[in-house]
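Novice: Listed below are the residues making up each chain.
There are 2 protein chains.
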Amino acid sequence: MGTRLGKQTIRLDQKPVIQAWASIAGAKEGQGPLARYFDDIVEDEYFGERSFEKAESKFIRETFAKIMMKGKVSPEDIQYIFGGDLLNQCIAVSYGIRETEIPFYGLYGACSTMAESMSLGSMMIEGGFAERVLCITSSHFCSAEKQFRFPLEFGSQRPPTSQWTVTGSGGVLLGKTGDGPRIIHITTGKIVDMGISDANDMGSAMAPAACDTITAHFTETALPQNHYDLIVTGDLGHHGKNLCAQLLEENGINVQEIYDDCGVMIFDREKQQTDCGGSGCACSAVVLGGYLLDKISKKELTRILFVSTGALHSPTSILQGESIPAIAHAVGIEMF
Amino acid sequence: MGTRLGKQTIRLDQKPVIQAWASIAGAKEGQGPLARYFDDIVEDEYFGERSFEKAESKFIRETFAKIMMKGKVSPEDIQYIFGGDLLNQCIAVSYGIRETEIPFYGLYGACSTMAESMSLGSMMIEGGFAERVLCITSSHFCSAEKQFRFPLEFGSQRPPTSQWTVTGSGGVLLGKTGDGPRIIHITTGKIVDMGISDANDMGSAMAPAACDTITAHFTETALPQNHYDLIVTGDLGHHGKNLCAQLLEENGINVQEIYDDCGVMIFDREKQQTDCGGSGCACSAVVLGGYLLDKISKKELTRILFVSTGALHSPTSILQGESIPAIAHAVGIEMF
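Protein chains in written order, with the numbering used here: chain A, 104 to 439; chain B, 104 to 439.
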């Protein structure tokens with residue numbers, strides 16, 4: 104049943120296990136510093152399909168298949184899929200999993216989707232509603248540019264605060280039993296909107312939400328600030344990461360030495376010309392399903408706080424002069 | 104913890120209570136047969152705002168406030184909001200609830216969102232994770248036409264199978280205790296895609312998903328076919344409702360006399376020129392938060408199976424020649 108520790112945090116007493124995980128990334132991610140941790144790197148941005156959207160669905164489909172294989176399970180062993188993506192009407196995941204015949208809950212948490220799906224999935228297991236739940240998300244540089252900014256052919260200039268949407272898909276299989284990393288705490292985000300309205304500076308829009316959730320996590324759990332080996336936000340990028348660290352310090356949380364951001368980790372900023380770093384639902388998902396869970400399962404990391412961050416605006420809301428509401432969901436993962 | 108009855112169905116042994124509910128509808132809905140059941144009818148399609156999208160967020164905000172008032176609760180009493188809508192990136196709900204400071208899980212289930220949010224919300228309560236959860240959704244004829252079809256100014260012709268997106272918002276407050284209607288069963292949908300690719304014939308695309316979920320519900324619960332006073336789908340419309348009834352009959356489920364559809368119920372087809380009937384997330388939401396829960400709380404209905412139906416395509420997927428994946432989630436509501 105879990106134990107409620109405060110307004111936003113639940114401690115999971117059954118400690119759901121991350122039984123399997125996978126990540127498939129695109130070509131640019133495959134040239135970055137985390138390349139060797141991905142299960143597959145796909146050089147073709149179309150992934151053999153006829154559109155970027157279909158390619159993104161294929162990333163989901165292949166990641167799903169990879170998790171089945173690595174977890175040695177079949178679709179009948181899984182009670183629910185929780186998934187979502189950035190595309191309008193979340194078509195990447197809907198088309199990506201439509202043949203699985205697994206009961207499905209579609210999510211929209213923008214780039215917070217990976218932690219959102221794991222929060223809900225782990226409560227399903229903790230609550231006794233499922234033996235196994237699959238959590239999955241994706242993003243694609245080309246489909247995201249086309250939908251949120253300009254078609255690539257337009258060749259628009261990128262401001263220095265802009266980020267590079269990660270191409271790929273990551274997912275995890277959660278279950279009741281096993282030896283894998285376990286989910287111990289979840290801290291659910293609330294919407295934080297500090298009035299930022301520049302859609303080319305998502306890091307600044309999302310940093311206050313990340314700070315809010317991390318602060319709530321430490322306040323409600325009463326864990327010491329050095330409890331984790333790593334606190335990792337989803338896709339704040341270089342600028343947003345610095346801002347988040349500063350905001351945390353203002354809240355009395357001094358975790359600079361153990362704090363990083365998946366958007367910072369995934370690209371080599373200078374060599375890869377990715378401006379402020381990676382973004383997109385897949386950013387935190389492939390870093391988790393690639394690098395982080397590899398390190399945790401080998402006990403090179405033993406406790407991490409995984410905080411996916413999402414900006415809940417749309418191109419329409421920005422054109423109408425609205426600011427960007429943001430949200431961050433945190434999942435505390437530990438290895439025993 | 105609930106009891107798993109089969110692949111898709113959970114029986115909720117704690118029987119979460121629908122403590123309060125509300126519905127606010129637009130002008131056209133306010134001229135229909137269910138008008139007197141809505142809490143408010145808003146004549147102005149802009150709801151005093153400067154865009155249809157902002158108006159839709161205001162429907163959410165006002166419905167939220169109405170539920171607080173009717174349930175005699177304040178935001179601090181609510182542990183989670185589950186919500187979503189049809190707009191790209193679900194901005195209606197994100198902007199609509201951004202001031203509430205309540206932990207939020209964003210959903211995308213297209214027009215199945217009302218039952219999706221109630222399924223997850225009731226498991227949160229059954230699992231002991233929350234005392235109270237708010238479930239909410241919206242849609243708006245003008246924002247939906249603009250986004251999914253053509254701007255209204257274009258004056259496009261409507262084919263006879265087309266449906267009329269309901270303007271409004273509906274929501275429910277679920278809790279552990281109280282005298283209200285209770286959620287006894289949830290049957291979670293899986294994606295069903297029968298190859299329909301006509302986005303002007305959503306009823307046909309969604310009917311097989313509704314049939315699949317209703318069939319699973321009766322098979323897994325082993326309830327007699329006359330257990331419910333009413334089985335009500337979300338927004339299949341006239342054509343889809345007939346198709347669903349026919350498909351159910353082929354599966355040996357003969358419920359014609361107790362079967363209806365919110366899209367059929369909400370408009371007077373002949374007087375209101377709404378073609379095949381209502382659609383949109385708000386269709387099942389305002390019929391539930393208006394008519395249905397009124398009837399149940401007065402024991403004029405005692406057991407209903409509420410089945411919201413969603414089409415998980417996007418305008419882009421249709422232009423790329425894809426068919427329409429559909430899903431239906433069922434919630435069994437009973438009054439003691």
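The hints are simulated quantities; they were obtained by calculation from the structure and are not laboratory data.
Be careful, since some hints might not be right.
Identical chains share a label here; the pair holds if one copy fits it or two copies do between them.
[What the hints assert, rightly or not] With a straight-line cut-off of 27 Å between C-alpha atoms, the simulated DSSO-like cross-links for lysine-lysine are:
1. 131 x 374
2. 398 x 110
3. 118 x 131
4. 249 x 175
5. 374 x 110
6. 110 x 131
7. 279 x 118
8. 374 x 175
9. 173 x 374
10. 110 x 169
11. 110 x 279
12. 173 x 110
13. 118 x 374
14. 131 x 173
Novice: Now tell me, hint by hint, if it's right for this structure.
Specialist: Do the hints match the structure? See the list:
In this assembly of identical chains, residue 131 and residue 374 lie within 27 Å of each other by CA distance solely inside one copy; the values are 11 Å within and 58 Å between copies. Taking the shortest Cα distances, residue 398 and residue 110 never come within 27 Å of each other, neither inside one copy (31 Å) nor across copies (34 Å). Taking CA atoms no more than 27 Å apart as the test, residue 118 paired with residue 131 passes in neither setting, with 35 Å inside one copy and 50 Å between copies. Taking the closest pair of Cα atoms, residue 249 and residue 175 never come within 27 Å of each other, the shortest separation being 37 Å inside a single copy and 46 Å across copies.
Proximity of residue 374 and residue 110 under a CA criterion of 27 Å is satisfied in neither setting, with 43 Å inside one chain copy and 49 Å between copies. With identical chains, the CA atoms of residue 110 and residue 131 are never at most 27 Å apart, being 40 Å at best within one copy and 40 Å at best between copies. Taking the shortest Cα distances, residue 279 and residue 118 sit within 27 Å of each other both inside one copy (8 Å) and across copies (24 Å). In this assembly of identical chains, residue 374 and residue 175 lie within 27 Å of each other by CA distance neither inside one copy nor across copies; the values are 38 Å within and 58 Å between.
In this assembly of identical chains, the alpha carbons of residue 173 and residue 374 never lie at most 27 Å apart, being 33 Å within a copy and 58 Å across copies at closest. Proximity of residue 110 and residue 169 under a CA criterion of 27 Å is satisfied inter-copy only: 23 Å between copies versus 36 Å inside one chain copy. For a Cα distance limit of 27 Å, the shortest separation of residue 110 from residue 279 qualifies both inside one copy, at 25 Å, and across copies, at 17 Å. For the homomeric pair residue 173 and residue 110, the shortest alpha-carbon distance between copies (23 Å) is at most 27 Å, but the shortest distance inside one copy (36 Å) is not.
In this assembly of identical chains, residue 118 and residue 374 lie within 27 Å of each other by CA distance neither inside one copy nor across copies; the values are 40 Å within and 57 Å between. Taking identical chains as interchangeable, the C-alpha atoms of residue 131 and residue 173 lie at most 27 Å apart only when both belong to the same chain, with a minimum of 25 Å there against 53 Å between chains.
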